[in-house]
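Undergrad: The letter at position 86 of the sequence shown is residue 86 when you use our numbering, and the numbering goes up by one with no holes.
Be careful, since some hints might not be right.
[What the hints assert, rightly or not] Pairwise CB distance ranges (calculated): (1) G87 with R10: 32 to 38 Å; (2) G112 with D44: 14 to 20 Å; (3) N69 with R10: 15 to 21 Å.
Don't read these hints as lab results, they were simulated from the structure.
Just so it is clear, the structure is predicted and the values come from calculations on it, not from any experiment.
Even for Gly, the Cβ is constructed at its ideal location relative to N, Cα and C.
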Amino acid sequence: MSAVPVETVRAGLRALDRMVRVNPPDRALALLRTTAAILRNVVDHPDEPKYAMLRTANKAIANRILAANGGLELLRLAGFRRATRDGDPVLHLSADSRWREHIPAVLEWVEGAAHLLEGAAGDGGG
């Protein structure tokens with residue numbers, strides 16, 4: 001795996017910071033947990049096409065990710081792009097291998113942010 005470019009790291013950290021600041025803690029945590037689960041599936045099953053496509057009409061995707069400020073931005077950072085499948089809007093993981101190389105780093109950022117947010121909530125800080 002190649003190193004993640006500095007610009008990508010900066011964009012990822014800005015997206016996470018903005019997402020945590022502008023969403024209520026419960027919405028931010030739902031976004032982080034759902035995104036982490038999606039990215040974990042991609043990392044654990046890289047050759048499984050079903051994990052590379054998200055239907056935007058799916059209630060969990062729509063409510064936990066797309067309805068949250070920064071949710072789409074976070075998925076785009078991982079390489080998901082808008083597309084259509086059978087006439088329905090979807091988010092599809094780019095086939096470009098450089099995006100797939102970034103997913104483990106984005107997953108690490110998302111899991112780290114979720115852990116910090118969970119800790120803050122447990123301390124009464126959120």
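Undergrad: The structure should be examined with respect to each hint, and the outcome stated for every one.
TA: Do the hints match the structure? See the list:
1. Separation of G87 from R10 is about 37 Å and conforms to the stated range, judged on CB atoms against 32 to 38 Å.
2. Checking the proposed 14 to 20 Å range against G112 and D44 shows it holds: the Cβ atoms sit about 18 Å from each other.
3. Checked against the hint of 15 to 21 Å, the pair N69 and R10 passes, with Cβ atoms roughly 19 Å apart.
Consistency note: the structure conflicts with none of the earlier hints.
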